Amino acid sequence: MKRADLISGIVLAVFGLMMLAFVIPLQIEQAPTGYVSPRLVPNLAMIIIVGLSGLLIVKSLRKAGAPPLLPDAVFSRSELIALLKVSAVFIVALVLFWLGTPLGAGIVLIAGTLVLLGERRPLILVLMPAGLLLAIWVLFYKVLGTAIV
Amino acid sequence: MEHLLVGFQNVLTPVTLFWVTVGVTLGYVLGALPGLGKATGVAVAIPMTFYLQPVAAIALLIGIAKGSAAGSAVSAILLNTPGEPSSAPTALDGYPLARQGKAQKALKMGLFASVIGDFLSTLVLIALAAPLARYALLIGPVELCAILLFSLTFIGGLAGRSMLKGLIAAAFGVFFATIGIETETFIPRMTFGLLELDDGISLVPMAIGMLAISEMVIQAGNAHSIDSEAEKINDSSSPDDRRVTLVEWRRCLPVIGRGTLIGSVVGILPGLGASVGSFLSYGATQRASKTPEEFGTGMIEGVAAAESADNAVVPASFVPLFALGIPGSVIAAILISALVLHGLTPGPMMFIEQPQMVADLYAAMLCASLILLIVGYTGQRIFAQIIRVPIRLIIPVVLFLCCVGAYMDTNTLFSIYLMLGFALLGYFSRKLDFSFVTFLIGFVIGPNLELTFRQSLQILDHDVMRLPAHPIAIGFAVLTVVTVFWINRTNSRLAAQKVALDVGTTKQSQI
Numbered sequence: 010m011k012r013a014d015l016i017s018g019i020v021l022a023v024f025g026l027m028m029l030a031f032v033i034p035l036q037i038e039q040a041p042t043g044y045v046s047p048r049l050v051p052n053l054a055m056i057i058i059v060g061l062s063g064l065l066i067v068k069s070l071r072k073a074g075a076p077p078l079l080p081d082a083v084f085s086r087s088e089l090i091a092l093l094k095v096s097a098v099f100i101v102a103l104v105l106f107w108l109g110t111p112l113g114a115g116i117v118l119i120a121g122t123l124v125l126l127g128e129r130r131p132l133i134l135v136l137m138p139a140g141l142l143l144a145i146w147v148l149f150y151k152v153l154g155t156a157i158v
Numbered sequence: 003m004e005h006l007l008v009g010f011q012n013v014l015t016p017v018t019l020f021w022v023t024v025g026v027t028l029g030y031v032l033g034a035l036p037g038l039g040k041a042t043g044v045a046v047a048i049p050m051t052f053y054l055q056p057v058a059a060i061a062l063l064i065g066i067a068k069g070s071a072a073g074s075a076v077s078a079i080l081l082n083t084p085g086e087p088s089s090a091p092t093a094l095d096g097y098p099l100a101r102q103g104k105a106q107k108a109l110k111m112g113l114f115a116s117v118i119g120d121f122l123s124t125l126v127l128i129a130l131a132a133p134l135a136r137y138a139l140l141i142g143p144v145e146l147c148a149i150l151l152f153s154l155t156f157i158g159g160l161a162g163r164s165m166l167k168g169l170i171a172a173a174f175g176v177f178f179a180t181i182g183i184e185t186e187t188f189i190p191r192m193t194f195g196l197l198e199l200d201d202g203i204s205l206v207p208m209a210i211g212m213l214a215i216s217e218m219v220i221q222a223g224n225a226h227s228i229d230s231e232a233e234k235i236n237d238s239s240s241p242d243d244r245r246v247t248l249v250e251w252r253r254c255l256p257v258i259g260r261g262t263l264i265g266s267v268v269g270i271l272p273g274l275g276a277s278v279g280s281f282l283s284y285g286a287t288q289r290a291s292k293t294p295e296e297f298g299t300g301m302i303e304g305v306a307a308a309e310s311a312d313n314a315v316v317p318a319s320f321v322p323l324f325a326l327g328i329p330g331s332v333i334a335a336i337l338i339s340a341l342v343l344h345g346l347t348p349g350p351m352m353f354i355e356q357p358q359m360v361a362d363l364y365a366a367m368l369c370a371s372l373i374l375l376i377v378g379y380t381g382q383r384i385f386a387q388i389i390r391v392p393i394r395l396i397i398p399v400v401l402f403l404c405c406v407g408a409y410m411d412t413n414t415l416f417s418i419y420l421m422l423g424f425a426l427l428g429y430f431s432r433k434l435d436f437s438f439v440t441f442l443i444g445f446v447i448g449p450n451l452e453l454t455f456r457q458s459l460q461i462l463d464h465d466v467m468r469l470p471a472h473p474i475a476i477g478f479a480v481l482t483v484v485t486v487f488w489i490n491r492t493n494s495r496l497a498a499q500k501v502a503l504d505v506g507t508t509k510q511s512q513i
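In order, the protein sequence lines correspond to chains A and B. For the first sequence, our numbering gives the first residue as 10, with consecutive numbering after it. For the second sequence, our numbering gives the first residue as 3, with consecutive numbering after it.
Bound-form chain B, shown alone (with noise of 0.2 Å):
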C-alpha cells in the first residue's frame, strides 16, 4: 500500500500525466480505426519510448492499450466494422442503434462500460498479481516448463479456427525464439553468417510487420467497402437520443458488473482472450434478459455487456504475466519486451526486486482509466469523425509510423527487412487462418521455454521416471493433453454445427 502510494506520487506529475493522456489518445484514435488495435499500437509506440523516464514509457504504452482497447468500439458501432475482434458483439447491438440516430448514446454507453470494466479489472490484477507470484516463486524449472507447455496448448488451440494450425503457428514462434547466439555454448543458431541475427530476431519489428503492416495491406484491399460504410450514418436531433437515460444506467449497471467478472475471468486465463470475453458476457446478458430476441436490434445493455467484458481482459490478462512471466495475450507479449527494455522484468521476483516500480505501474494503470473517460467523453465527436477520414489517407501514415517504429528498434535497415518479412508472413498467416497470436506468443515464451526445458532435462538427468517427483509437472502435461483432446472435440463439433447450419440456410434459401 505504502508503494502503491508513491506509485501515485511518481505517476501524478505533469509529465507522466502528459504521456498518458497521449497514450490514451493516440490508443482511441488507433482503436477507433478499423484494423488497428492496441497490440499494433504499442508495438509501434515501444522504440518511441526508448528515450522517456521508464514511468511515463510505461504509461503511455498502457494509455495506449488502454485507449485503443476503449476505441474499438467506435468503428464497431458506427461502421459495423470492429476496430478489434473483441468489439465484434458491440457491433451487434451498437450499430443498429447508430443506423436509428442514437450512435452517440451507444458511444458513451461504450465508454462509460469500458472504463468501469477496464479500473475494476485493474484493481482485481492489484488484488491478484502479488500473492499468486508468491505461489510462483515456489515452482522449480520442471513445473515451469509444464506450465509453458501447457499455456501455449491452450493458446495454440483457442486462438483460432484450426487447433492443427493454431500448434504450428505456436512451434513456429518457439522456432524462430531460437534463432541466435545460444547462451549455453554461444554457438550461433541459424544467423546465415549476419552478424544482426546474433542476439536474436526482435519482437518490435516482427510485431509491426505481422500486425500492423500485414492489415494495411488488407485494408487497402477492402478501402471501398470500409469507406462507403462510413456514409450511411447520421445523428438524432433528440437530446435523450445522444445521451445514456437514468433508466438506461439502472438496466445497464448490473450487465457492466457481470461483464467485468467474465472479463476479468477471461483475462486471467492465458490465451482466451478478449474477444471470448466479450461474446460470453454478450451470450450470458442476452439469456438472464427478459427479452432475448430484442439483443441484435439496437440494445444498449448489448453494448454495455460487450465493452465492460472487452476492456476488463486487458488488465487481468497481466495476471498471468507478473504472477508467473506468462503472457496470456498478444498485447502482454509486447509489453514484455517494453517492460524488460525499461528495467521491469516479468514475472514472480518483479514483486520482490522492483515493487516500487509494480506500484507506479499499477498507479499508471489506475491513473490511464481516468484519462480514457476524461479523453473519451471530451473528444467522443472528434473521434467519431475519424471514422469518416478515407482509409487510403491513414494507410500511409501507419505505414510510415511503422517504418519509423521498426527502424528504431536498432537503427538499421535489417529491421525494416525483418518488418517486410514477418508483414509477409503475417499476411499469408491471417488469410490461411494461421494463427499470429499463437506464433507471437510462442516466440515471447520461447526462451523460457527451452531454457526451462533444458533445466528440467538435467534436473531429471534425461530419465522420464524421475517425473512423479514433481506431481504438479505431471498435472500440467496431463491437462495438455487433456485440453488437446477436449479443444479438439470442441472444434468438430462447432464445424459440425456450422456445417449444418449452412446446409439448413442454403436449403431455405432453395425453397
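In isolation and in its complexed conformation, chain A is listed as follows (with noise of 0.2 Å):
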C-alpha cells in the first residue's frame, strides 16, 4: 500500500501541477474587473491537493521501512478482470445504444454481463434480459406514464 501511495502522490501531484499551470488557465477566462476571479476556488483546490498529495508522497518515504496498515497488493487479479469484462460488456452496449437500437444494447448489457460472470443456462441467459426490459417498460410506460428512450 505504500507503494501504492507514493504512486498516487506522485500522479496526483503531477496532475494538479498540470491543472494550474495549463488547464485552468486555458479552460477558464479571466473576470472582468471588480469581480473575484472565477479561478479562485479550482486553483485552491488544485493548490490543497498538490501539497497534500506531497505530503503523501513525503509520509510514504518516511515509512517506507515500516509494516504496511494495508495489503501490499492493492488490486486483485479477480478484481482486475471483472473490470476488464465489465468494460467490455458497456463498450458493446454503448456502440448498440449509438447505432439506435436501445433495445439491443440493454439486452447486451444484461445478457452479456452474465455470460462473462460465468452464467451459461440458456433460460436465464433468455428469461432475465426479457423479464428486466419488460418491468422496466411496465414501470415507466405503464405506471409512471412516461418514456425513457
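Note that these hints are calculated values from the structure, not bench results. The structure displayed is predicted, hence computed values, not measured ones. Where is the CB? At the ideal position from N, CA and C, for every residue including glycine. One thing to keep in mind: the hints can contain errors.
Quick list of simulated restraints, FRET-style, between CB atoms [what the hints assert, rightly or not]:
{"id": "1", "chain 1": "B", "residue 1": "Arg253", "chain 2": "A", "residue 2": "Phe84", "range": "26 to 34 Å"}
{"id": "2", "chain 1": "B", "residue 1": "Gly142", "chain 2": "A", "residue 2": "Ile100", "range": "46 to 54 Å"}
{"id": "3", "chain 1": "B", "residue 1": "Val466", "chain 2": "A", "residue 2": "Tyr44", "range": "19 to 27 Å"}
{"id": "4", "chain 1": "B", "residue 1": "Gly195", "chain 2": "A", "residue 2": "Val147", "range": "37 to 45 Å"}
{"id": "5", "chain 1": "A", "residue 1": "Gly60", "chain 2": "B", "residue 2": "Val17", "range": "47 to 55 Å"}
{"id": "6", "chain 1": "A", "residue 1": "Ser46", "chain 2": "B", "residue 2": "Glu4", "range": "45 to 53 Å"}
Could you use the hints to bring the two separately framed chains together as a complex?
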C-alpha cells in the first residue's frame, strides 16, 4: 500500500500541477474588473491537492521501512479481470445504443454480463433480459406514464 | 404540530403508502445484498421519482434509505458480509448465531432494534431540527463558510484510514463542483466546450457510478467467495431458536435504548457516519455487560446494540442537513438533490418557506419506520433467501438499473459517460483508500462553500484583520485546526497500535 500511496501521490501532484499551469488558465477566462476571479476556488482546490499529495509522498517515503497497514497487493487479479469484463460489456452496449438500438444495448448489457460472469443456462440468459426489459417498460411506460428513450 | 397532523393526512393515502412500501421493500432487498447500501439505492431511484408527486417521491426515497439500513443486517448475519460497513459489528454476533441455527432469532432482533432505533431517532430529528434552524438563521456567510470548512475537514479526517487522503478527496469534490458556468460572471469553467457541462456535473450519474458500478465490479471479482458463504447457513428446528424470547427482550431493551442514543448523537455530528455509531454502541454494550468475553460468540445483545445505533444514525444525520443545509452523511448529500428536485431546499429557510412540506417529510419518515416493521417481519424469510441468489445473477440487474437511472437524469448518453467515468474513479478511490464519501460530500457542499467564501471575501474586504468581528467564524477556524491535529494524532496512534498488534501476532505465529 505504501508503494501505491507513493505512486498515487506522485500522479495526483503531477495532475494538480498540470491543472494549475495549463488546464485552469486555458479553460477558465479571467473575470472582468471588480469581480472575484472564477479561477479562485478551482486554483485553491488544486493547490490543496498538490500540497497534500506532496505530504502523502513524503509520508510514504518516510515510512518505507515500517510494516504496511493495508495489504501490499491493492488490486487483486480477479477484480481487475472483472473490471475488464464489465468495461467490455459497456463498450459493446454503448456502440449498439449509438447505432440506434437501445433495446439491443439493454439485452447486451444484461446477457453479456451474465455470460462473462459465468452464467451458461440458456433459460436464464433469455428470461432475465426479457423480464428486466419488460419490467422497466411496465414501470415507466405504463405505471409512471413516461418514455425513457 | 398542526402541520404534522396535516402531514399525516397527506402521507396516509393509498398512493403515498404504496410508494413508501415499495421504497422500504426495495431498500430492504438492496440492503440485504452485500455492497449495495442505502446511498446506492437512493441514487439509482432518484430519476425514477421524477414523475411522482413530491410527497410520494420523497416518501419512496426515505423508504429506500430506511429499508436498506435495516436490510444490511441480513447479509451481515447470514453471510458474515455486511451489506454496509456500518453493519460489520452486527456480523460479530449475528453470524455466530446463524451458524448455531439461530439465524431467524438474530434477524428478528436486528429488525426490531433497527425499527426502534430508527423511529426514536426520527423523533429526535423532529424535536431538534427546527429549533436549531432558528439559530442557524442568525449565521452569516463568514460563519457559514467557517462551519462548512470545519465540517469538510472533520468528515475528511474521519471517513477513511488516512486523513491526508480524505482531505485530498474532499478537495477533489469541491473542485468538481466548480465545473460549469460560474454564477456571478457567467464564465464557463472547465467545460471543454461541452454544452452538457454548462450546468455542472449532475450528482445522480456521479453517485451511481462511484457507489454502485464500482462496487459491482469489486463484487464481480469476489463472486465465488460470496456465493460459497451463503451455502453454509441452515435453520434450527427448535421454535425458541427462531424467535426472540421475553428474557431476551428484557436484556435487549436497555441495549437498544443506549444504541439509539449513541446513534442519534453520532448522526447529528457531521461526518462520523453509521459505522462509528454501530461500533461505539457495540463497544459500550460489551463494556457494560457482565460477560464481555462472550461477545463475538453469538450474543443477541451484540446484534441489538449494533443495529439500533446503525439505524438511529440515518434520521439523526438529517439534523445538520435540515437545520444548516450541511449534509452529515453521503445519504444526506444524495437526498439533497432529490429534495431540491421536488421543491424543498434543505436548510434553515425551509422551515419558514415550506413548513407543510417538511411536516409531510416527517410524517413519511415515521410511517416508513412502521412499514419497515411490517414489511421486514412478514417478508423476512423471503428476504433471507435473496442472499442465496448467486451474485452473478444480481450484478447484471444492478448494472442495468444503474444505466436506466443515470440515463433518465438528462435523457442523453452523456450521463452514461459521466457514470462510467466516475465508476472508474470510484473503483480506484476504493482500492487506494481515498474516501468517496468525502468526495461526494465535498461535491455537494462545494457550491455553497464557494458562494460563502466569495461573500466572506467581499464582507471582509479581503482583509483578514476584520475577522475578529466574527467570533463564531474564528471559533470554527480554530476548531478546524484543532480537528486536523487531533485526528492526525489519533490516526497515527491507531496505526502504531495496529502495527504493534500485527508484529505481536506474527511473533506468536512464529513461536
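Hints versus structure:
no. : hint                                 : verdict
1   : Arg253(B) with Phe84(A): 26 to 34 Å  : violated (45 Å)
2   : Gly142(B) with Ile100(A): 46 to 54 Å : holds (51 Å)
3   : Val466(B) with Tyr44(A): 19 to 27 Å  : holds (21 Å)
4   : Gly195(B) with Val147(A): 37 to 45 Å : holds (40 Å)
5   : Gly60(A) with Val17(B): 47 to 55 Å   : holds (53 Å)
6   : Ser46(A) with Glu4(B): 45 to 53 Å    : holds (49 Å)
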